[in-house]
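Q: Sequences listed follow chains A and B, in order.
In terms of our numbering, the first sequence has 121 at position 121, counting the first letter as 1, and numbering is strictly consecutive.
In terms of our numbering, the second sequence has 1231 at position 231, counting the first letter as 1, and numbering is strictly consecutive.
No lab work stands behind these hints: they were computed from the structure.
Treat the hints loosely; a few may be bogus.
Quick list of in silico lysine-lysine cross-link-like pairs, BS3-like style, CA-CA up to 30 Å [as the list claims (entries may be wrong)]:
1) B:Lys1381 x B:Lys1040
2) A:Lys339 x A:Lys69
3) B:Lys1040 x A:Lys119
4) B:Lys1081 x A:Lys292
5) B:Lys1217 x B:Lys1557
6) B:Lys1081 x A:Lys119
7) A:Lys115 x B:Lys1217
8) B:Lys1557 x B:Lys1546
9) A:Lys43 x B:Lys1381
10) A:Lys115 x B:Lys1040
11) B:Lys1381 x A:Lys111
12) B:Lys1456 x A:Lys115
13) B:Lys1081 x A:Lys115
14) B:Lys1081 x A:Lys317
15) B:Lys1217 x A:Lys283
16) B:Lys1381 x B:Lys1546
17) B:Lys1456 x A:Lys43
18) A:Lys283 x A:Lys232
19) A:Lys116 x B:Lys1538
20) B:Lys1028 x A:Lys339
21) B:Lys1546 x A:Lys116
22) A:Lys43 x B:Lys1546
23) A:Lys69 x A:Lys43
24) A:Lys116 x B:Lys1456
25) B:Lys1081 x A:Lys116
26) B:Lys1538 x A:Lys43
Treat the numbers as computed from the prediction; the structure is a model and nothing was measured.
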Amino acid sequence: MTTLLTLAVLVLVAIAIWQLTKIFELSQLKTENHQIATDSDNKNNGYMLFAFLVFIYGITIFSFWKYSKFLLPEAGSAHGEEYDSLMLVSMVIIFIVQTLTQALLHYFGYKYSGKKGQKALFYADNDRLEFIWTIIPVIVLAGLILWGLYTWTTIMDVNDEDDPLIVELYAQQFNWTARYGGGDNVLGGSNVRMIDIDKANVLGLDESDTYAHDDVIVKELHLPVGRKVNFKMRSQDVLHSAYMPHFRAQMNCVPGMITEFSFTPIYTTEEMRSNPDVLDKVKRTNKIRAEKAASTGEALDPWEFDYILLCNKICGKSHYNMQMKIIVETEEEYNAWMKDQSTFAETVMKDDTAPAFNTVSSVSVGE
Amino acid sequence: MSATAHAHVDDHAHDDHGHHHKETFVTKYIFSQDHKMIAKQYLITGVLVMGFIGIAMSLLFRMQLAWPGESFPIFETLLGKWAPGGVMDADIYLALVTMHGTIMVFFVLTAGLSGTFSNLLIPLQIGARDMASGFLNMVSFWLFFVSAVIMVISLFVEAGPAAAGWTIYPPLSALPMAQPGSGLGMTLWLSSMAIFIASSLLGSLNYIVTVINLRTKGMSMTRLPLTIWAFFVTAIIGVISFPVLLSAALLLIMDRSFGTSFFLSDIFIQGEVLHYQGGSPVLFEHLFWFLGHPEVYIVILPAMGLVSEIMATSARKPIFGYRAMIASILAIAFLSTIVWGHHMFISGMNPFLGSVFTFTTLLIAIPSAVKAFNWITTLWKGNLQLNPAMLFSIGFVSTFITGGLTGIVLGDSTLDINVHDTYFVIAHFHLVMGISALYGLFAGVYHWFPVMFEGKLLNKNLGYVHFWVTAICAYGVFFPMHFVGMAGVPRRYYENTAFPMFDELADIQVLMTVFAIIAGAAQLVFVANFIYSIFYGKVGPVNPWKSNTLEWTAEQKHVHGNWAGAIPEVHRWSYDYSKVDENGEYYIPGQDYIPQHIPLQENEEEMSH
Chain A
1 MTTLLTLAVL
11 VLVAIAIWQL
21 TKIFELSQLK
31 TENHQIATDS
41 DNKNNGYMLF
51 AFLVFIYGIT
61 IFSFWKYSKF
71 LLPEAGSAHG
81 EEYDSLMLVS
91 MVIIFIVQTL
101 TQALLHYFGY
111 KYSGKKGQKA
121 LFYADNDRLE
131 FIWTIIPVIV
141 LAGLILWGLY
151 TWTTIMDVND
161 EDDPLIVELY
171 AQQFNWTARY
181 GGGDNVLGGS
191 NVRMIDIDKA
201 NVLGLDESDT
211 YAHDDVIVKE
221 LHLPVGRKVN
231 FKMRSQDVLH
241 SAYMPHFRAQ
251 MNCVPGMITE
261 FSFTPIYTTE
271 EMRSNPDVLD
281 KVKRTNKIRA
291 EKAASTGEAL
301 DPWEFDYILL
311 CNKICGKSHY
321 NMQMKIIVET
331 EEEYNAWMKD
341 QSTFAETVMK
351 DDTAPAFNTV
361 SSVSVGE
Chain B
1001 MSATAHAHVD
1011 DHAHDDHGHH
1021 HKETFVTKYI
1031 FSQDHKMIAK
1041 QYLITGVLVM
1051 GFIGIAMSLL
1061 FRMQLAWPGE
1071 SFPIFETLLG
1081 KWAPGGVMDA
1091 DIYLALVTMH
1101 GTIMVFFVLT
1111 AGLSGTFSNL
1121 LIPLQIGARD
1131 MASGFLNMVS
1141 FWLFFVSAVI
1151 MVISLFVEAG
1161 PAAAGWTIYP
1171 PLSALPMAQP
1181 GSGLGMTLWL
1191 SSMAIFIASS
1201 LLGSLNYIVT
1211 VINLRTKGMS
1221 MTRLPLTIWA
1231 FFVTAIIGVI
1241 SFPVLLSAAL
1251 LLIMDRSFGT
1261 SFFLSDIFIQ
1271 GEVLHYQGGS
1281 PVLFEHLFWF
1291 LGHPEVYIVI
1301 LPAMGLVSEI
1311 MATSARKPIF
1321 GYRAMIASIL
1331 AIAFLSTIVW
1341 GHHMFISGMN
1351 PFLGSVFTFT
1361 TLLIAIPSAV
1371 KAFNWITTLW
1381 KGNLQLNPAM
1391 LFSIGFVSTF
1401 ITGGLTGIVL
1411 GDSTLDINVH
1421 DTYFVIAHFH
1431 LVMGISALYG
1441 LFAGVYHWFP
1451 VMFEGKLLNK
1461 NLGYVHFWVT
1471 AICAYGVFFP
1481 MHFVGMAGVP
1491 RRYYENTAFP
1501 MFDELADIQV
1511 LMTVFAIIAG
1521 AAQLVFVANF
1531 IYSIFYGKVG
1541 PVNPWKSNTL
1551 EWTAEQKHVH
1561 GNWAGAIPEV
1571 HRWSYDYSKV
1581 DENGEYYIPG
1591 QDYIPQHIPL
1601 QENEEEMSH
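With the hints as extra help, turn the sequences into a complete structure.
A: In structure tokens form, the structure reads like this:
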């Protein structure tokens, strides 16, 4: 019923607009056949085009002035610096081209707006001009492509040099789990068919695999600063994407396969918190939060900066709140923290009071 | 093409003329085989109806983004149980996003844009009585209509419409337990798309055959208006890539309903392990984007064609670099089929493949740059007639440049890592293909309205209001959006309040939503103008824009077969605007244009274009 009413309202609105235009039309008596631009239309819209150019520049300057402080702070990873320089150079090129081409386009629109008797120039071709604006993009793009590809190959080269820390990021609707290789720094075998909710073996680790016994499973990711981390991503249900914007890092988590990404964190969370940009951001944000709390009565805790892992591939209802905190700390802090964590053998395999499930039978569940 | 074929066309034409079947209401307005009527059917179903739904949806979820968790009576009215107490549900948010994308990309910008103008202009501009097969053309439209109806029906099913994003990546789209929209809603989505693809293929084949076979005498390929080149090449890309989407859809249907494992493997969901083994979602991504990327060119190429034609006519100048324009259309079309992997840089596919796709993707910037510079040069030293169609064409070039440039960031696999799937992507593709293609569409409607509706013109002042409000709001929505993306905000988030780091971006969301609502309202001005002018528009001159192309020589009052007499013969290209002899005088005194059917004048040489 309400839908019907709404539809009726919409129809009435449409009729109202129609009537308005009719009045508008009638107020322009004796202008039949003049729906074609006249000289004064050309002139006015020429001015408008010029004004629009000013608007484009205006909104650009406004956005930079108001919003550039919102952009992500300095990269927290080793490759991030290179990423940021490439981004900066690309952006500079983009804005030079943008400023020039928009100026030409709108200025010509204004300058050559039609007048009676004005003769357009019959100018159909010019090979030299065509050549110039083919070759310039070719050169600029060649530079960008080469630099980009070089950086890409470096970033995506996941290897075992420099004794990387091996960490699994495990995605499911709608949370993240991290797993460390433990003392041997080797992740034990796993498969969704070995998941055993009753025994809280939620990642499907292979209990018979001795590499798995010392694995450490956590809900908060701790990383030692300065050590390379090789991430192995897994998902148990749908596509997710492990997005760590502060590290300029992202990789999809794909059910049925293990994807990889690697980076070296270079600033601890503490160091990042004292970065002037971050300090400013926290201050601004907490001001907003305090105001909001005061006006809505909602309890909003003040925010403290933390690195964060977000899901960045649509994964269902709570996609918007699938996150995990990342803490980058010194080697000592990390080791101390790791010492307090229990291993897979201690947490899952031990409190098994019932007879041990054998993994074969859990495989057969799926068959 | 030989003279015999032309002769045949002419004979056929004479046969046709004179003894029409008696038209009934049904054959004239519903099951019409006349390309002009079919074009209007596409325009009204695809653009006005589906476009209204698609844009309305975007306004709803933009309101949610600006004021998360706020209660709006309109939500409750329109969404019913999906907005208890007027607060939008997270599932329906995703559904709205999904359906907005699907409807806008496929129904409005593919069928609505290409369907309308290919049908309207191909026969009229090449000098043909109708499409090669009027019957297939009719079938194509009605298949499209059925698919649109199914898609709309899917909005009303119990568990909600498809909600896995317009890219419907499995496993999310394959498993009803992953989200409610992946049940009946997704089944209907897939059925609708399968029919849509059939419709698109029939249409495209018809366009290709018509352009190749039915050009009038003298209309060589290098005399074709750029509109026709664009439609022709668009149809070819459609024929190449749409079947691949059909295969993706069919395999997904198999996975969903018949227990196969093409795209699924190792899944544990809702407390149980599923039997799927050995499939890969990455395979689906490849199949999807093998269509999906050419698809954005299927959307933008016709708009480019329309804009090129309107710009030359309104600037009273030939299009600059006609051959380069054709070459760049061909280059874009070719490259468009080998760049799909740039949607998948971080999908887990081999990084080496990523390198290849970066290379091909950035190459596409070259023909695009050539086009942009050629349009700008076309304006230079022109005598610009700033009708609404021309303003939309200039607006098209502006948004195409702004949106296209950020493609340099997204096409670069390295830079894509951190902006992939953020608002930066949304800003990029909305400017470069969404807004630009819509501008091309509007430009086309303002320009060719008299051809569709027997000489009636749209009201220009309402057109100016429509353009300027839309132009300002489009930048108002999408320019700041780049910053939101670069701040790291992911797309398809129901609200951003779960992350305090995004708190200070809330104001930008409000700003964007306000601009979006105003832009939406501006479209109502267009709708009103459109409907009003159909019934009460003033009939203008036969050739209101003083254009060279053949459609303006056809009968203003529609007849089946387009020309009451013989089909005009073509003697020149379509861009002889302001052509002067050595004394600087127009060849036809007092007339700055020479239509294509006018033979070469004394002492006149044909352009070696």
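Q: A separate judgement is required for each hint: does it hold in the structure or not?
A: Okay, the hints, checked on the actual structure:
1. B:Lys1381 x B:Lys1040: Roughly 36 Å separates the two Cα atoms, so the pair is violated.
2. A:Lys339 x A:Lys69: Cα-Cα ~39 Å, so violated.
3. B:Lys1040 x A:Lys119: 36 Å, violated
4. B:Lys1081 x A:Lys292: The hint holds at about 29 Å.
5. B:Lys1217 x B:Lys1557: Answer holds: B:Lys1217 to B:Lys1557 is near 24 Å, not above 30 Å.
6. B:Lys1081 x A:Lys119: 63 Å, violated
7. A:Lys115 x B:Lys1217: 36 Å, violated
8. B:Lys1557 x B:Lys1546: Within the cut-off at roughly 18 Å; holds.
9. A:Lys43 x B:Lys1381: Since the Cα atoms of A:Lys43 and B:Lys1381 sit roughly 15 Å apart, the hinted pair holds (cutoff 30 Å).
10. A:Lys115 x B:Lys1040: 34 Å, violated
11. B:Lys1381 x A:Lys111: 8 Å, holds
12. B:Lys1456 x A:Lys115: It holds: about 25 Å lies between the C-alpha atoms, which stays within 30 Å.
13. B:Lys1081 x A:Lys115: It is violated: about 58 Å lies between the C-alpha atoms, which goes past 30 Å.
14. B:Lys1081 x A:Lys317: The given pair, whose Cα atoms are some 16 Å apart, holds under the 30 Å limit.
15. B:Lys1217 x A:Lys283: 74 Å, violated
16. B:Lys1381 x B:Lys1546: Roughly 18 Å between the alpha carbons, so the hint for B:Lys1381 and B:Lys1546 holds.
17. B:Lys1456 x A:Lys43: 25 Å, holds
18. A:Lys283 x A:Lys232: 35 Å, violated
19. A:Lys116 x B:Lys1538: 23 Å, holds
20. B:Lys1028 x A:Lys339: Given pair B:Lys1028, A:Lys339 is violated - Cα atoms ~81 Å apart, limit 30 Å.
21. B:Lys1546 x A:Lys116: OK: B:Lys1546 and A:Lys116 at ~14 Å, within 30 Å.
22. A:Lys43 x B:Lys1546: 19 Å, holds
23. A:Lys69 x A:Lys43: 40 Å, violated
24. A:Lys116 x B:Lys1456: With Cα atoms ~24 Å apart, A:Lys116 and B:Lys1456 stay inside 30 Å; holds.
25. B:Lys1081 x A:Lys116: Between B:Lys1081 and A:Lys116 the Cα gap is close to 60 Å, so the pair fails against 30 Å, i.e. violated.
26. B:Lys1538 x A:Lys43: At roughly 24 Å apart (the allowed maximum being 30 Å), A:Lys43 and B:Lys1538 satisfy the hint.
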